[in-house]
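Build out the structure end to end from the sequences listed, making use of the hints.
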Amino acid sequence: MRTSYRAVAGVVSALLGLSFTSSAIATEMIDNANMSYDKDLFSVRDSALHGWQQKDGRWFYYVGNQPVSGWLSDNGNRYFLDDEGVMATGWMQNQLGEYFYFDPSGAMTANRWIQTNNRWYYLGDSGVMLVNQWLFAGGQWYYFGSDGAMVSGWAKDTTETYYYFNESGVMQSNQWIASSGKWYYLNSNGAMLANKWLQSSGQWYYFDASGAMQFNQWLANGDQWYYFDASGAMQFNQWLANGGQWYYFNPSGAMLSNQWIASNGQWYYLGNSGAMMRNAWIGNYYVGADGAMMRNAWIGNYYVGADGMWVPPTSSAPSISGDKYPCPAGQPIKGNRSSNGKIYHVPGGRSYTRTHAEECFADEQAAQAAGYRRARD
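Residue numbers (mature numbering (1 follows the signal peptide of the UniProt record, and there is no 0)): -26 to -1, 1 to 351.
I should point out that these hints are in silico values taken from the structure, not numbers from a laboratory. In this text, a Cβ means the ideal position worked out from N, Cα and C, and glycines have one as well. Be aware that a few hints might be false.
Said to hold, decoys possible - List of simulated lysine-lysine pairs, DSS-like, C-alpha gap at most 25 Å:
1. K156 <-> K170
2. K156 <-> K130
3. K130 <-> K170
Stated by the list, open to error - Pairwise CB distance ranges, derived in the manner of DEER restraints:
4. A215 <-> T327: 45 to 51 Å
5. Q67 <-> A194: 21 to 27 Å
6. K156 <-> G71: 35 to 41 Å
7. A344 <-> Q233: 51 to 57 Å
Here is the structure:
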């Protein structure tokens, strides 16, 4: 405790350099003079100084007439005095680069927030300012950067993990963050997701190495491909039109390729790139312009049956100028479309061998049911 002492009893009328006794005088030290005395003896200048002394607005602490330097504990507080013995106030940095803060009374601050130049700092148990450290206070987490200031907004800790702090410096967790036109997600520990999947509200999302949510784009994960729509949701169990092509994704969201799929009562084939095939032969099957497998139909000179498979021509197929126009076994009735409408021909008929079958039927009833009438042979 710093105190200035003054003699308050009796009348002292003596020249400095002399000594005398006076039972009326009772004090310890006179300000700014190297004198001390007790209730019986008043001593001359140059007697030993001790304790706090103020000179020219600065505070010193004396022991044996010498100012103390370095750390000092007094009355439950810690103080620091420089090489000249001057008591420190405000911020101070030691030789290790650590910062301390001393209040206007000179007492070192510990376990307290300090605001300087509109920025917040925290002094720990030992009084050292927190640098690149976390603080749990009031049920919330805070982080202090390399300059010791409390961070807000995006910041990464010493593990290179990114976190987000609100304007009050409180770390955020379990929530989406929109930043610079992109979306990010903070997990239960507050860490930003990066190169990770997230399931939220029944949808799956993916965050790249920068932590940004993927949207309107493809993602290769191992040997599988995934697609994320404009909302960032992964596509699954559905078709996707993209770049003029159609793709299909299974329940896990992986794009299917090199396989048949049944959809809405039709069969479709997805090629090596995953794109739905159109107007193409897939082995002994043919898919039309809409991608659906064709059945009971001619494709050029080839016929596919009810199961969609190509039906080989019979050996007894008729021939005109070397070209065969066969109907498959079991479907001898040949349907033909002409300017006279839809007509059909039966084996042995006058025009049968000259007719290019566009449809084949098992019997005349089937042809008639399809809207054909018998040719006049």
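Structure-based check of all given hints:
no.: 1; hint: K156 <-> K170; in the structure: holds (16 Å)
no.: 2; hint: K156 <-> K130; in the structure: holds (18 Å)
no.: 3; hint: K130 <-> K170; in the structure: holds (18 Å)
no.: 4; hint: A215 <-> T327: 45 to 51 Å; in the structure: holds (47 Å)
no.: 5; hint: Q67 <-> A194: 21 to 27 Å; in the structure: violated (52 Å)
no.: 6; hint: K156 <-> G71: 35 to 41 Å; in the structure: holds (37 Å)
no.: 7; hint: A344 <-> Q233: 51 to 57 Å; in the structure: violated (33 Å)
Violated hints, listed in ascending order, are 5, 7; each of the other numbered hints is respected by the structure.
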